[in-house]
Amino acid sequence: MRHSSRDSWDNVNAIEIRQLRKTYDNGVEALKGIDLTVTEGDFFALLGPNGAGKTTAIGIMTSLVNKSSGTIKVFDHDLDAEREAAKSCIGVVPQEVNLNAYEQIQRIVVTQAGYYGVPRSLAVKRAEKYLKALRLWDKRRDIARNLSGGMKRRLMIARALMHEPRLLILDEPTAGVDIEIRRAMWEFMREINEAGVTIILTTHYLEEAESLCRNIAIIDEGRIIENDTMVNVIRKLQREVFVLTLSETIDRTPELDGFPVSLRNEHEIEVEVSKERSLNELFDALSSRSLHVSSMRTKTNRLEELFMRMVDDKRTTS
Amino acid sequence: MSVVGGSDFAPDVTPAPGQQSQSLLRINAIGLYTIVAKEISRVTRIWVQTLIPPAITMTLYFVIFGSLIGRRIGEMDGIPYTTFIAPGLIMMAVITNSFGNVVSSFFSSKLQMHLEEMLVAPLSYVTIVFGYVIGGVARGLTVAALVTVVAMFFTDLTLKHPLITLVVIVLTAMNFALAGLVNAIWATKFDDISIFPTFVLTPMTYLGGVFFSISLLGPIWQKLALINPVLYMVNAFRYGMLGVSDISIGVAFVIIVAFFIGLLTTALLLLRRGVGIRT
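Those sequence lines, one after another, are chains A and B. Start counting the first sequence at 301; every next residue gets the next number (the working numbering). Start counting the second sequence at 643; every next residue gets the next number (the working numbering).
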């Protein structure tokens, strides 16, 4: 691995956005002055409901959308003053499939490398490396049109990696991908992040963000409403609802001291645990009723619940 | 999914400030080669659509206007009619094919959104423009070569001024490749890429002296014909091949170069502002 240089990157911000605004020609104000910093090496989640401004922000970072005002620096390269240097550092996997449908897969990735100045001989080697890594090597002579939705997503990731960027922006990379491939893609993303690549991820699968990302920003109606570490954000969750499967058969809702409970069926109950209470207390309460838990899971994803609450709170306030 | 960690995967180190310009030059040189290779590969891959139809169309022109009607016309400006129209038909093929190649390639990549592959990359706008222009010129000149071979079956072609012939045909191809690019950048729907060729390019070409000398026109129409840039290109090319022209060669070159500068500037400005390609 070419990581001898990594020490010299310490304290460099992969992305530094200041007062970024975007108003479209139709008057829609997509971004209302956002500030965002992503440090190098981070795995960063950028979340928000549909139309919140995520894709606009990514579009501006990748030069596909004109900003109205504000500044963006990519590894200290100003996107206006040092456009080419800044763009060299970024690889992007867009939300919508934007492949040349009638082009061969191998040719697509080799051509993309050429746009970044990668010599053809090296591009051919990298094509093999990334197409194999993303399980597309056997399909290399097929045209993109013949690939499944999941394969197209993986091809776009391989294409974005061909110039080995320092920052990889993934806009809904696992949308429409089945669970097995999605998990494999997560593993792949973890590996490239561990190899030193900064990753900015937008996703609607909040489990994905919680599992992969160390830091998070939530954007809503063109404003950043939360920007913290994933751990701190999850801590803000005031309560969690767990689904418990019991070894015993029950016919009515058990009373557990201080824990709101509801009966799902004769083997399952839902228990709400507030931030102030511990799971030990819950298990003590269950034991006192002679109830034994055979399995346990959260009813909804924690981040999902928090996300919904933050967005709702923000909208209620405004 | 297979593992990339443990291999040599790692991001490139940002070049030192002094190395950056050289590095950008290299990026753009490889980028230009990549665009040109992609464009030429597209033309050769679909050669049945890109190279054969113009050759067939021009063969029909030679058969109908050259052999059948041309025999009754006799001479034009002292030259057998079939020979007179040959440079014009070659130029017509160059114009329509260099324009058509760029407009269809750029617009389809815009429509399928894979133009974004290029727009996110660190390529200069000059590189993108010249990549497409060279692709258009390559197709224009290939078709010109085919039409020239066809023409040789119908008439004896001469080359009075080879250098002028070469410069004019290349500049004309560049001009119309640029015009195709400007059209494709502006265009937002298929109608937009058919309006210009149908209502502007075709009339300009047919009235640009391909089939006749402007000396046949009345004084007012002769003056009006002079606003048509194709007239200068066809006549300069005819001068290069046959040594006859309705227009001064010096004036023709000034007009051709002026159009080139104007179209190049327009294409670069449109790309820089993101007209039709960025929201």
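Hints should not be assumed to be uniformly reliable.
[Stated by the list, open to error] Per the computed footprint, the stretches of chain A lying under chain B, defined by three or more beta-carbons under 8 Å from a beta-carbon of chain B, are:
| # | stretch |
| --- | --- |
| 1 | 389-395 |
| 2 | 510-518 |
| 3 | 558-572 |
[As the list claims (entries may be wrong)] DSSO-like cross-link-like pairs, simulated, lysine-lysine; straight-line CA separation at most 27 Å:
| # | chain 1 | residue 1 | chain 2 | residue 2 |
| --- | --- | --- | --- | --- |
| 4 | A | Lys452 | A | Lys425 |
| 5 | A | Lys439 | A | Lys429 |
| 6 | A | Lys452 | B | Lys802 |
| 7 | A | Lys452 | A | Lys432 |
| 8 | B | Lys752 | A | Lys439 |
| 9 | A | Lys429 | A | Lys373 |
| 10 | B | Lys865 | A | Lys452 |
| 11 | A | Lys373 | A | Lys425 |
| 12 | B | Lys752 | B | Lys831 |
No lab work stands behind these hints, which were simulated from the structure alone. The structure presented is a predicted model; accordingly, all values stated were derived computationally and were not measured. All residues carry an ideal CB built from backbone N, CA and C; glycine is no exception.
Q: Could you tell me which of the numbered hints above are not met by this structure, giving the numbers in increasing order?
A: Numbers 2, 3, 6, 9, 10, 11 - these are the hints that the structure violates, sorted from lowest upward.
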